[in-house]
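Protein chains in written order, with the working numbering: chain A, 181 to 476; chain B, 181 to 476.
No lab work stands behind these hints: they were computed from the structure. There may be inaccurate statements among the hints.
No distinction is drawn between identical chains; accordingly, a pair holds when it is met within one copy or between any pair of copies.
[As the list claims (entries may be wrong)] Think about it this way: if two alpha-carbon atoms lie no more than 20 Å apart in a straight line, the pair counts; the simulated SDA-like pairs of lysine to any residue are:
| hint | residue 1 | residue 2 |
| --- | --- | --- |
| 1 | K448 | P347 |
| 2 | K360 | A222 |
| 3 | K288 | L215 |
| 4 | K208 | G348 |
| 5 | K208 | P347 |
| 6 | K208 | R442 |
| 7 | K208 | D278 |
| 8 | K208 | A193 |
| 9 | K448 | L215 |
| 10 | K288 | M274 |
| 11 | K360 | L215 |
| 12 | K448 | R460 |
| 13 | K360 | D275 |
| 14 | K360 | D210 |
| 15 | K360 | I211 |
| 16 | K208 | D275 |
| 17 | K448 | Y346 |
| 18 | K449 | H469 |
| 19 | K208 | G242 |
| 20 | K208 | V320 |
| 21 | K449 | L226 |
| 22 | K230 | E187 |
| 23 | K230 | T186 |
Here is what each chain is made of, one letter per residue.
2 protein chains.
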Amino acid sequence: MGSNITEMLRLRAQIVSEALSRTVFSEKSDIPALLRLQEAMAHGALGGGKRLRPFLVLETAGLFGVVESQALPAATAIEMIHCYSLIHDDLPAMDDADTRRGQPSVHKAYDEAIAILAGDGLLTDAFTVLTAPGNYSADVAAALVHELSRGAGSAGMVGGQMMDLYPGTLTEDEIAGIQKRKTGALIEAAAVMGGIIGRASEDELSRLRAYAASVGEAFQVVDDILDVTQSAEALGKPAGADDEAGKATYVSLLGLDGARDRVGLLTKKAEEALAPFGERAVVLRDLAHMLADRSH
Amino acid sequence: MGSNITEMLRLRAQIVSEALSRTVFSEKSDIPALLRLQEAMAHGALGGGKRLRPFLVLETAGLFGVVESQALPAATAIEMIHCYSLIHDDLPAMDDADTRRGQPSVHKAYDEAIAILAGDGLLTDAFTVLTAPGNYSADVAAALVHELSRGAGSAGMVGGQMMDLYPGTLTEDEIAGIQKRKTGALIEAAAVMGGIIGRASEDELSRLRAYAASVGEAFQVVDDILDVTQSAEALGKPAGADDEAGKATYVSLLGLDGARDRVGLLTKKAEEALAPFGERAVVLRDLAHMLADRSH
């Protein structure tokens, strides 16, 4: 690979974590209940993670010469949305997960009511970050809010979670439809948000969306593959959990080899979408390969 | 009163309900799970209610000559936020309410997971409405998103709900602090959002905020009074529920007479804030009086 992608991800994850912490505690409260809420939000937002969505915002903005500090608020906002979704997904009424990234999930570390509110708080505050004076000009801010809320809302991520909980016929189309909303929509939003900050053309935004759509689907297929091939320790969550829950996965439908083929095809499509950006897109290309080849 | 405020509220509530229905079903899904999500969102958004916050948006925008149709998307968005908060507040882990406005709450009519997602969907989609192309110019849209997300987020409504669930010392200051966040912040946002659409000056926005702060606190004091003086039937929820739950209320702290005095004082303050708007503000003045004198 042309870039040290793993190291770049690690460094940027650290920068994003610091920005998340600053944001959650930006008005650190001296009221005990509010401080507890902020701590629960931090617990849900700061437990590690690849910070893939923020990385995409930073890198796609970088294609257009946008410096990291300028893309960072949008990167922070989308990660707040991602983290809220994990907090709510872990709730007993949803996936009922006691742990997340090897730590107690928020409703286990605090309680259910606090987990619901911490999620609501992260979700709502993300839009405050995007529109805070000084972060973005009004036209960019409004476009970012629209892109992020579309990706995260009932037609996007929330709708995907609903389809995942109440699946219909488990055809390949339906599995792809769930994935496209549940994880794909927010990954697309991330890539497009970077383009919006960089004032990309409509054609460039379409290419970024196509890149992210392929990367997002490949990411999910790899997740499904790892769920059946990796140990719980390597994953930081119970292995085979999807299968046990009777959930639709790419592996249950395509088989392991078929799923691996699909990853290869999607990675090629991701590269093709980036073609006009040439050498500037080396990191995004490497990212697609790294995500396809990852083992956890 | 100089206006038929009750009739105006009723008419506008109907217009807002229709706008909410159009918004929730704007992309009516043919995927069963997504249609079910939209129906659950509609159940939570369309069960009646005074539509006080949308009314404030429409009326404060009207002070500046903004026509109803132009303020309607913002009015719809803030009601989506209000309704999401009711859906989540009713959850078993929160207030555990089986009914809302005489109907089954969303988690009773559907299930807990759907109620969580319906709330998340309404909350997120509200920001899509504010930034949808054609609704507002970018500077107005960005300001609306900022005002609404601040009022609804961890420093506003979500924080107030957290303080309500985990109260500290039940002094008058603390009760006021809970109210100011839990219900006051969104009522303030409503009044200010109308001003933003009307391109009000900073001084005018401050006056609208002061008006709404007084009306919002008076509204809560009256709620507390009604909770101990009215029957369950008249309220549409169990009477004395606050007292039973050991919650801090204005009545438990100030007594009935003290609470009534406070309503009078706050209504006077609300009128004073409107003084510079003269006759244009007659409906807002009548609203303050009507809310103070209401019996349900």
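Evaluation of the provided hints:
1. K448 to P347: For K448 and P347, the Cα distance exceeds 20 Å both inside one copy (29 Å) and across copies (56 Å).
2. K360 to A222: So K360 and A222 fail the 20 Å test inside a copy (28 Å) and across (24 Å) alike.
3. K288 to L215: Only inside one copy: K288 and L215 sit 18 Å apart there, 32 Å across copies, limit 20 Å.
4. K208 to G348: between (45 Å within a copy, 17 Å between copies)
5. K208 to P347: Answer is between; shortest inter-copy Cα gap is 18 Å, intra-copy 41 Å.
6. K208 to R442: neither (47 Å within a copy, 31 Å between copies)
7. K208 to D278: For K208 and D278, the Cα distance exceeds 20 Å both inside one copy (28 Å) and across copies (35 Å).
8. K208 to A193: neither (23 Å within a copy, 38 Å between copies)
9. K448 to L215: Neither, since 47 Å and 34 Å both go past 20 Å.
10. K288 to M274: both (14 Å within a copy, 16 Å between copies)
11. K360 to L215: between (36 Å within a copy, 17 Å between copies)
12. K448 to R460: within (18 Å within a copy, 63 Å between copies)
13. K360 to D275: Intra 19 Å, inter 34 Å, cutoff 20 Å: intra-copy only.
14. K360 to D210: between (42 Å within a copy, 16 Å between copies)
15. K360 to I211: between (41 Å within a copy, 14 Å between copies)
16. K208 to D275: For K208 and D275, neither the intra-copy (31 Å) nor the inter-copy (27 Å) Cα distance is at most 20 Å.
17. K448 to Y346: neither (32 Å within a copy, 52 Å between copies)
18. K449 to H469: within (11 Å within a copy, 63 Å between copies)
19. K208 to G242: Close neither inside one copy (32 Å) nor across copies (37 Å); limit 20 Å.
20. K208 to V320: neither (28 Å within a copy, 29 Å between copies)
21. K449 to L226: neither (33 Å within a copy, 44 Å between copies)
22. K230 to E187: Close inside one copy (11 Å), not across copies (55 Å); limit 20 Å.
23. K230 to T186: within (10 Å within a copy, 54 Å between copies)
In this structure, the earlier hints numbered 1, 2, 6, 7, 8, 9, 16, 17, 19, 20 and 21 are contradicted, and the remaining ones agree with it.
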